[in-house]
Amino acid sequence: MERIRIQDITIRNLSSSCDSAVLFKEKIEIAKLLDKIGTDVITLPLWTASHADSLLVKAVAMDVKKSVLSVPVSLDVSNLDGLWDALKTAAKPRIAVQCMSSSVGMEYIQGKKEAQMAQSVSHAVGECAKLTKDVEFVVLDESRADEDFLARIADEAIRSGASTVTLCDTAGLMLPHEVDPRKQSFLSRLSALGSGKVDLGIAFSDASDMGSALSYYAAKSGFDEIVVSSVRGDVPFLPGVVGLLVAHETELARSFGLDASNMLSISSKIGRICSDSDEGRSSIRYGSNGDEDDSLFLTVNDNMQVVGDLARKLGYDLSSDDLARVYEAVRRNVRSRRKLGAKEFESILANESMQVPATYVLRDYVYTSGASSRSMSHITLEKSGRIFEGIAVGDGPIDASFMAIGKIAGQHCELDDFMIRSITEGQEALGETLVKLRYNGKLYSGCGISADIVASSIRAYIMALNKITWEEEGSGRK
Numbered sequence: 002m003e004r005i006r007i008q009d010i011t012i013r014n015l016s017s018s019c020d021s022a023v024l025f026k027e028k029i030e031i032a033k034l035l036d037k038i039g040t041d042v043i044t045l046p047l048w049t050a051s052h053a054d055s056l057l058v059k060a061v062a063m064d065v066k067k068s069v070l071s072v073p074v075s076l077d078v079s080n081l082d083g084l085w086d087a088l089k090t091a092a093k094p095r096i097a098v099q100c101m102s103s104s105v106g107m108e109y110i111q112g113k114k115e116a117q118m119a120q121s122v123s124h125a126v127g128e129c130a131k132l133t134k135d136v137e138f139v140v141l142d143e144s145r146a147d148e149d150f151l152a153r154i155a156d157e158a159i160r161s162g163a164s165t166v167t168l169c170d171t172a173g174l175m176l177p178h179e180v181d182p183r184k185q186s187f188l189s190r191l192s193a194l195g196s197g198k199v200d201l202g203i204a205f206s207d208a209s210d211m212g213s214a215l216s217y218y219a220a221k222s223g224f225d226e227i228v229v230s231s232v233r234g235d236v237p238f239l240p241g242v243v244g245l246l247v248a249h250e251t252e253l254a255r256s257f258g259l260d261a262s263n264m265l266s267i268s269s270k271i272g273r274i275c276s277d278s279d280e281g282r283s284s285i286r287y288g289s290n291g292d293e294d295d296s297l298f299l300t301v302n303d304n305m306q307v308v309g310d311l312a313r314k315l316g317y318d319l320s321s322d323d324l325a326r327v328y329e330a331v332r333r334n335v336r337s338r339r340k341l342g343a344k345e346f347e348s349i350l351a352n353e354s355m356q357v358p359a360t361y362v363l364r365d366y367v368y369t370s371g372a373s374s375r376s377m378s379h380i381t382l383e384k385s386g387r388i389f390e391g392i393a394v395g396d397g398p399i400d401a402s403f404m405a406i407g408k409i410a411g412q413h414c415e416l417d418d419f420m421i422r423s424i425t426e427g428q429e430a431l432g433e434t435l436v437k438l439r440y441n442g443k444l445y446s447g448c449g450i451s452a453d454i455v456a457s458s459i460r461a462y463i464m465a466l467n468k469i470t471w472e473e474e475g476s477g478r479k
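For the record, in the sequence shown the residue sitting at position 87 is 88 according to the numbering used here, with numbers rising by one throughout.
No lab work stands behind these hints, which were simulated from the structure alone. Ideal placement from N, C-alpha and C gives every residue a C-beta, glycine not left out. Not one of these hints is a red herring.
Just the calculated beta-carbon pair ranges, DEER-fashion:
(1) Asn263 / Lys114: 44 to 54 Å
(2) Asn334 / Asp200: 45 to 55 Å
(3) Asp417 / Asp235: 33 to 43 Å
(4) Asn334 / Glu383: 26 to 36 Å
Build out the structure end to end from the sequences listed, making use of the hints.
Below you can see the structure in the form of C-alpha cells.
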C-alpha cells in the first residue's frame, strides 16, 4: 500500500508569528511530541544564520529520532556551512529551499526576474544537494504563478538535486475539485521538459476552512506529502486531516506512519504549550516601520532569543558570551522591576556587552562654558602608563569634551546616539549618560554615571572608545 507523508510546520509558523512567544525549550518539546507520534517531517523556522537558529537546530537534531528534520532556507543560501554543522547530527536531515513563483512575488519580494529566478533556484538547490540527498524545493504562491514558468523552475530544481517539490497555495484560491487537474497539469509540463521522477508535496491555506477537505483530495490524487499544523490557524489542522484519512483509508488505499491513536492527546498538549506561552508573551512591540515604539519593554517571560533579537533591532551585534551576560543582567533587573524599559535595556547593553580592559583611563577634565563664548574642554587620559592631553572647543562642554577625546585617540567616531536620564531624585540627583558610537559600520556603546552630566558623558564616551580601540588593536595583533 502506497504511503503518504505528513509534514508538520507548527514550529516554523509559531516562530514567524508576531503573536507567539513560544520559548526555546517549548519548541524542543513540541518537536519531541511530534516525533513521538511518528510525524514524517518536522519543519523548523527559516534559517537566518543567527546564533539562536544554530542552537535550536542542534538541540532538536539531538532529540528527534524518527522524523525527518527539515530546515527552510531562502534562495541566497547564506551560511550553509553553519546550517549543516547544526543539522548534520539529525537522524534524517532535510534542507528546504523556498522561493516565490508569482510575477509579483518574484519582482517585489525577491527582486528577481524570471531568468534570474531560474538560475538562483538551480544554484541554491545544487548547493544544498552537496550536503544532503533530501532536498525539498518549496514553491510559494504557486496558484498565482504562470504554469509554464512554475514547471520550468521545478525542472531546474529537480535537475539540481531536489527530491521533493512542494506546491504552496498560499493565497488559498484552490477548490477541492481543482486539486487533481492541477497536479496532472503540472506533471504533464514537467514530463514535457524531460524531468526525472520526483515526490510531490502540497500545502494549502485553511483560511476558507477547507484545508482538511483539500488535503484529503490531495491524498486521493496521489500527492506524496501533505503539509499540516498541530495548532489551529491558516494551515490545515493535523487532527482534522488525519481524521479524514483514517475514515477513508480503505477508499484511498494509502497508509501513513503517524500514530493516529495518540494524535489527539499530543495535539492537545502542543495546543496547551502554545496557549500558555501566549498568555505570558513578550510586551515588546514595534511600529510598522520596524522601529521601537514608546511602550517597548522586556518582561520576566522573555527568553534569551527575545533579548538577542531586541539587541539586534537596536543595532547591536552581540557575541554568544555578551548575549549570555546581557541576558543574566536583564533577568536580575526585571525580577525587581517586573518590566525593563528600552533605556534601561540599552544601559545594560552598554555595561555588559563587549567588556574590555580600559585602554584609556580618565585622569582629569576641565571645561569652561559661557553665554557669549564657545565652550572649551581640557581632557587628560592615561594609556599604557603614559599621560595624554587634548584641548578642544565646541558647541557646549559635552561637544568640546568629545572632540578633545577624539584628538587624543587620533580617530573620528560618528556619534550615533546620546541619551541622558536621571536615576535618582533631588538637587544632587545622579545622571546616567548613554553614548553610542558608530565606527566602521558597527555600533559601540558606553555609559557613565555622575552628578555632573558632563562627567558622566565623558565617562560614557571613553567606555565606548575603549571597546573600539580594543577591537582595532586586537585585529591588528592577529
